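Student: Going line by line, the protein sequences match chains A and B.
Residue numbering for the first sequence follows this note's numbering, beginning at 1 and increasing consecutively.
Residue numbering for the second sequence follows this note's numbering, beginning at 1 and increasing consecutively.
Don't read these hints as lab results, they were simulated from the structure.
Predicted model only: the values in this text are computed from it and were never measured.
Misleading hints may appear alongside valid ones.
[What the hints assert, rightly or not] Here are the simulated BS3-like pairs of lysine-lysine, each with C-alpha atoms no more than 27 Å apart in a straight line:
| hint | chain 1 | residue 1 | chain 2 | residue 2 |
| --- | --- | --- | --- | --- |
| 1 | A | K161 | B | K252 |
| 2 | B | K221 | A | K121 |
| 3 | A | K184 | A | K161 |
| 4 | A | K69 | B | K256 |
| 5 | A | K121 | A | K226 |
| 6 | A | K184 | A | K226 |
| 7 | A | K161 | A | K121 |
| 8 | A | K121 | A | K69 |
| 9 | B | K221 | B | K252 |
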Amino acid sequence: MSLIQINNLVKEYVMGENILRALDGVNLGIERNDYVAITGTSGSGKSTMLNVLGCLDRPTSGNYVLNGKDVGHLDPDELAEIRNREIGFIFQSFNLLTRATALQNVMQPLVYQGVPLHERKRRAEEALNHVNLGNRMDHLPNQLSGGQRQRVAVARALVTKPSILLADEPTGNLDSRTTVEIMKLFDELHKQNQTIIIVTHEPEIANHCLRIVRLEDGRVAEDRRKS
Amino acid sequence: MFVFDMMESFRAALLSIRAHGFRSFLTTLGIIIGVAAVIAVVSIIQGLQFTINQQFEGLGTNSIVVQSVNTFERRIQGIISRITPQDFEMLSTRVEGIATISPIIAGAGNSVRYGSQVTAVQVTGSDYNYQVVGRIFIKYGRFLSDNDDQTRRRVAVIGETVRQNLHLPANPVGEYIRIGDEWMKVIGLAEERGQILGQNQDNMVVIPYGTMRSITGNQNKLDVVIQIILGDISQMEVVQDRVITLLRTAHKLAPKDDDDFRVQTSQQLTSTFNTVLTTVTIVAGGIVAISLLVGGIGIMNIMLVSVTERTREIGICKAIGAKRHQILMQFLFESLLLCLLGGLVGLLIGYGIGAFAAAAIPNFPAAVVPLWAILLSVGFSAGVGLVFGIMPAAKAANLDPIEALRYE
Ligand SMILES: Nc1ncnc2c1ncn2[C@@H]1O[C@H](COP(=O)(O)OP(=O)(O)OP(=O)(O)O)[C@@H](O)[C@H]1O
Ligand SMILES: [Mg+2]
């Protein structure tokens, strides 16, 4: 059984009189341990797609089964639970809590799981060490470089051991050297059997992945596996 | 799990309050001022009430005061009611169940001389029971005796202020002072009593009741206040009724006439005072409730601003799995804590103001903060925090994660 199965997924935005179809009947299955890039031109619906996959947004219609569970009809708190346990989300703009240290940021998802403080700390430290930030735990986000911030975000996404890691243009705000660094991290995670989906419009990034899904006007225009 | 969430929300709220230290302070200023006002007012009033009650207790619960009543209507009809010395004698012989009964004549202001010094004093005529009634302690010499009264001795007990004004020696016993046209021998100096409600208690001269009567030219002007102490408190009503009946007969009042005198027990006196003070407390409490309400609206306003400001932060928390009740509790705790802190700071400031005011007014009783005022103001602050925190907290909890993340 696929980790992710979506059928005829539609997402519409109502803008006054007009209805804008950001996703126009997407069908997609993603297996465990896969390393997928979602590409496409700007406005093709990549972020919309990833937000739905990450249970941040709800589709207008269509089915979405994650890990054997139909998440289409869950209430906001159940969706929060899914985001917390099943999904690790990485954003282009990092989205760290600005008033919390790197360690506190990574500990935060565990707060919502009811993990006791010392255990939370231990696991967050482990995750930060994993992304080579063991020496920056007590820094605030604005005391870290862009690449370091994104690595904190990766650690935060990983700390709950999610079934899937979703990244929306994770290198979009980074220079080329840091980009290489972050992509190396994703490659490593994939080798450790983490399922990863990366949204990007850069071919070099997409080339890291095993499978490339190209969207066009909210539809899957191409779905190929690297040989 | 719920306790865990509470603790985490509490922690987050505390951090957030600390992160916005000065703003948090400004936010709670309304609450601080409100609570400080209640506590200041209440502590002063309670101090006053406490002292007054204590003073009346000094009289004993079994005492009765009889004095004339001159209503405005009767005064313009030219009728002046008095309790005469004859009334006093009648009551002292014809009422049963009395332990002690003593007359007090508050004389008109007299000029008192010693050598070349002159001072104006209200001279009181009474007997030795006045020492108890007036709570007078003797520093030098002695107080008036029964014998002084019966033999109309020309003797006087004076207060410290009078001694100073007249430049009498530190121990004035044995000196002669001139009250009006009479020479009186000073037989006692009272210990200082300070001021009560701005009135100097040491500017006094007490002479025997008999002497007072004999030196008062026009006997028709004498108006006596009678202080009765009962042997048995259960006789209170009987004695009160008897006094009223006797005085009405003596004053030849027709059944339809009102009493032209007042018979008050010390309890009635106390409760009159207490009623006044309670009213003041309630009025002050009402004003303060309004100010707390305004403070609460201020808190709600800032919390709403804070929720808007932190929309993105809330979005992040939701994206990584915060449930609605977790966000709700954090913001609710934040306003609750703000209000509680404001309440506590207000409590301290209010007590400070009360104590300072009480100390600044000479001889004003010390401020007393009763437990109910503390509980009430802290409880009210907490209530304000919860009531006015709900709306902003609910707003935060119900934010859509994706919308919140998009918020710039
Ligand atoms: N909240 C919204 N309200 C209205 N329209 C939206 C909203 N979000 C996205 N859209 C529209 O949906 C379409 C897809 O947007 P989406 O953000 O998914 O594109 P994208 O592929 O991620 O583009 P980019 O590469 O620029 O990030 C766009 O036409 C966009 O204008
Ligand atoms: Mg996008």
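Student: With reference to the structure, classify each hint as holding or not holding.
Tutor: Right, here's what the structure says about each hint:
1. At most 27 Å may separate the alpha-carbon atoms for a hinted pair to count; K161/A and K252/B exceed this at roughly 102 Å.
2. Note on K221/B and K121/A: the hinted pairing is violated, with a Cα-Cα distance of about 91 Å set against a maximum of 27 Å.
3. About 19 Å separates the Cα atoms of K184/A and K161/A, which keeps this hinted pair within 27 Å; it holds.
4. Restraint check for K69/A and K256/B: the C-alpha separation of about 94 Å exceeds 27 Å, so the hint is violated.
5. In summary, the hint linking K121/A to K226/A is not supported, as the alpha carbons are separated by about 39 Å, beyond the 27 Å threshold.
6. Our distance criterion of 27 Å between C-alpha atoms is met by K184/A and K226/A, whose separation comes to about 18 Å.
7. Between the alpha carbons of K161/A and K121/A the distance comes to roughly 15 Å, so the proposed pair stays at or under 27 Å and holds.
8. A threshold of 27 Å between alpha carbons decides the hint, and for K121/A with K69/A the separation of about 30 Å lies outside it, so the pair is violated.
9. Only pairs whose Cα atoms come within 27 Å are accepted, and K221/B paired with K252/B is accepted, the gap being roughly 18 Å.
The structure shown violates the earlier hints numbered 1, 2, 4, 5, 8.
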